[in-house]
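Asker: Here the protein sequences line up with chains A and B, keeping their order.
When we follow UniProt numbering, the leftmost residue of the first sequence carries the number 1, and every step to the right adds one.
When we follow UniProt numbering, the leftmost residue of the second sequence carries the number 1, and every step to the right adds one.
Among these hints, one or two may not hold up.
Since the list gives no way to pick one copy over another, a pair counts as held whenever it fits inside one copy or between any two copies.
[As the list claims (entries may be wrong)] Computed list of lysine to any residue pairs in SDA-like fashion (alpha-carbon distance at most 20 Å, straight line):
| hint | residue 1 | residue 2 |
| --- | --- | --- |
| 1 | 296 | 29 |
| 2 | 191 | 310 |
| 3 | 107 | 268 |
| 4 | 107 | 267 |
| 5 | 260 | 307 |
| 6 | 108 | 269 |
| 7 | 287 | 268 |
| 8 | 107 | 29 |
| 9 | 69 | 245 |
| 10 | 260 | 308 |
| 11 | 198 | 39 |
| 12 | 69 | 140 |
| 13 | 89 | 32 |
| 14 | 295 | 90 |
| 15 | 191 | 90 |
| 16 | 89 | 269 |
Since the hints were made in silico from the structure, they are not lab data.
Number of protein chains: 2
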Amino acid sequence: METARQELQKVAKRIQPHIHRTPVLTSRLINEIAGAELFFKCENFQRMGAFKMRGATNAILNLSADKQKKGVVTHSSGNFAQALSLAAKSLNVPAYIVMPDSAPEVKKAAVRTYGGQITECPSTLKDREETANRIQEETGATFIHPSNDLDVILGQGTAALELLEDHPDLEILVSPVGGGGLIAGAALAAKYFGKDCKCIGGEPAEADDAWRSLKSGKIETNETANTIADGLKTQLGDQNFPIILEHVEEIIRVSEDDIKEALRLIWERMKIIVEPSSAVALAAVLKEKERFRNKKVGILISGGNVDFSRLPF
Amino acid sequence: METARQELQKVAKRIQPHIHRTPVLTSRLINEIAGAELFFKCENFQRMGAFKMRGATNAILNLSADKQKKGVVTHSSGNFAQALSLAAKSLNVPAYIVMPDSAPEVKKAAVRTYGGQITECPSTLKDREETANRIQEETGATFIHPSNDLDVILGQGTAALELLEDHPDLEILVSPVGGGGLIAGAALAAKYFGKDCKCIGGEPAEADDAWRSLKSGKIETNETANTIADGLKTQLGDQNFPIILEHVEEIIRVSEDDIKEALRLIWERMKIIVEPSSAVALAAVLKEKERFRNKKVGILISGGNVDFSRLPF
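Kindly generate the complete structure, drawing on both the sequences and the hints.
Answerer: Here it is as structure tokens:
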């Protein structure tokens with residue numbers, strides 16, 4: 001499957017003028033605690049503060065000029081809404097964002113700042129899908145899914161690709177698992193650009209749909225999702241699940257306390273702001289130390305958009 | 001005065017193996033807000049989390065082997081206590097730290113982690129000085145002042161020196177003002193390594209002793225110091241004041257709200273953890289925008305040691 005390799009390289013080249021190449025940081029102290037050599041790919045320093053900028057940019061660039069003119073639409077209340085808005089604005093494309101009317105005002109304001117046009121609707125999935133459909137019909141805009149879209153997946157995969165370019169000898173790559181876009185892209189990058197590099201997921205035990213999906217072989221859902229890792233409450237989709245099933249070695253579940261401890265460690269010791277979802281990958285490494293002992297491990301820090309009024313410490 | 005120039009270079013070379021060369025970060029968005037081009041020298045990424053590591057290391061390295069063997073002593077409840085402890089530990093030198101018995105347990109624990117030997121005493125200056133004197137007599141250790149010591153001042157100055165090496169065309173360098181060690185060192189670096197680069201201080205209006213000292217021409221004190229910039233409550237000393245008087249262009253006073261706003265901007269937009277004292281320099285730039293309009297401005301981010309249980313937002 002040489003094509004996936006070439007495809008990832010093509011995507012990296014395509015989005016490169018529109019995104020930051022983010023730095024890779026290390027911490028002697030966290031290495032000592034983990035008993036491994038960790039390399040943090042800092043997508044919290046990405047434009048808009050998260051890796052989602054990569055996938056959004058790629059999805060828009062991949063549209064025809066005619067489709068670009070008509071715009072893009074998505075439903076999201078999180079980072080993808082902001083990412084699609086900013087990517088669209090940078091590329092001079094209209095962005096229509098469907099948000100639940102219950103979404104925090106601060107998130108709506110952020111989308112507006114980035115130029116997204118918000119349509120509010122009731123917060124059920126059915127309402128959001130219907131609203132997005134209506135906008136598509138009215139405007140001719142193209143729907144872009146936050147995680148279950150191959151262009152988005154390949155875009156997200158470029159974060160892992162860059163990390164492997166900087167550190168080709170990584171033995172394991174650890175990614176948080178939410179909707180599955182980031183880990184599916186990372187798994188492809190590890191497979192096609194690593195030297196026998198495994199891809200492992202970290203997931204909150206409170207929203208362990210992906211862990212159960214790997215067990216059962218079909219896409220599972222969460223009945224509840226009481227986790228501070230609010231970017232990881234979503235479930236896998238039919239585009240990313242087959243990739244995850246084939247290329248992800250294992251998913252490690254972590255408790256809320258594990259997440260908070262890892263979050264605090266990153267903030268206190270690395271002096272960088274990362275969102276709780278980002279700490280889940282480090283939490284997985286610290287939970288199963290034997291699995292990672294003395295290994296070179298890449299860790300995807302997914303983003304840094306934090307609501308400071310709701311800190312867990 | 002070629003000697004100060006040579007002296008600074010010698011110090012930079014001497015401490016270089018023992019400290020990090022910290023990165024210089026920029027933010028497009030904060031540039032837009034400020035109307036200037038800002039370069040942040042990130043000493044929050046320094047070892048131990050603050051620039052104080054530089055001065056402490058230089059002061060110890062400058063002692064004779066015999067004096068090093070007998071150790072160093074200081075009284076401090078802040079970053080300098082931790083810096084002297086870690087610098088001493090790295091250089092295999094005993095460090096005696098006098099701390100008020102009222103100091104937070106978390107600060108005492110940090111000093112112990114870095115190998116400092118704590119002696120507690122009542123929190124008056126008189127008690128602290130007497131305790132430090134007694135330890136000097138008993139152990140033969142050398143007293144190192146956190147800011148009013150020429151070796152410490154020159155050590156701190158290397159942060160500005162590195163910034164000017166990276167960006168030789170800076171027109172203004174802005175430093176927070178507390179005990180005066182950092183700004184005195186920065187002013188010397190600007191004078192001897194800048195191209196007509198001015199040095200300006202930022203100071204909390206609630207602890208504006210340095211601003212008043214520049215006006216009156218003598219060292220003033222603070223009767224109260226109700227500021228979240230807790231590293232800036234201290235006053236100038238006879239070693240650093242003459243340097244500040246001669247080489248610092250101006251001190252800009254900022255309100256507590258100015259500091260909080262600048263702090264939030266750095267956390268939210270740059271995604272880095274800096275302590276409130278560090279935000280005072282940016283607050284000064286944002287307060288007097290006309291003074292900095294369209295200029296290339298270096299900003300010293302002094303440190304990133306934050307008590308997360310006492311955040312102002």
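Asker: Against each hint, give a clear statement of whether it holds in the structure.
Answerer: Tested hints:
When the C-alpha separation of residue 296 and residue 29 is checked against a cutoff of 20 Å, the pair qualifies only within one copy, where the shortest distance is 15 Å, while the shortest distance between copies is 35 Å. With identical chains, the CA atoms of residue 191 and residue 310 are never at most 20 Å apart, being 38 Å at best within one copy and 45 Å at best between copies. Taking the shortest Cα distances, residue 107 and residue 268 sit within 20 Å of each other only across copies (14 Å), while inside one copy they are farther apart (26 Å). In this assembly of identical chains, the alpha carbons of residue 107 and residue 267 lie at most 20 Å apart only when taken from different copies (17 Å versus 23 Å within one copy).
With identical chains, the CA atoms of residue 260 and residue 307 are at most 20 Å apart both within one copy (15 Å) and between copies (16 Å). In this homomeric assembly, residue 108 and residue 269 come within 20 Å of each other (Cα to Cα) only across copies, at 17 Å, whereas the closest approach inside a single copy is 32 Å. In the homo-oligomer, the alpha carbons of residue 287 and residue 268 lie at most 20 Å apart inside one protomer (19 Å), although the nearest pairing across protomers, at 29 Å, exceeds that limit. Taking the closest pair of Cα atoms, residue 107 and residue 29 come within 20 Å of each other only across two copies (18 Å); inside a single copy the shortest separation is 35 Å, beyond that limit.
Taking the shortest Cα distances, residue 69 and residue 245 never come within 20 Å of each other, neither inside one copy (36 Å) nor across copies (61 Å). For the identical chains of this complex, residue 260 and residue 308 are neighbours both inside a copy (15 Å) and across copies (13 Å), given an alpha-carbon limit of 20 Å. Taking CA atoms no more than 20 Å apart as the test, residue 198 paired with residue 39 passes inside one copy only; the shortest distance there is 15 Å, against 39 Å between copies. Taking the closest pair of Cα atoms, residue 69 and residue 140 come within 20 Å of each other only inside a single copy of the chain (9 Å); across copies the shortest separation is 77 Å, beyond that limit.
Within a single copy, residue 89 and residue 32 get their C-alpha atoms only as close as 43 Å, which misses the 20 Å cut-off; across copies the closest is 17 Å, which meets it. In this assembly of identical chains, the alpha carbons of residue 295 and residue 90 never lie at most 20 Å apart, being 40 Å within a copy and 27 Å across copies at closest. Within a single copy, residue 191 and residue 90 get their C-alpha atoms no closer than 32 Å, and across copies no closer than 42 Å, so neither meets the 20 Å cut-off. Taking the closest pair of Cα atoms, residue 89 and residue 269 come within 20 Å of each other only across two copies (19 Å); inside a single copy the shortest separation is 36 Å, beyond that limit.
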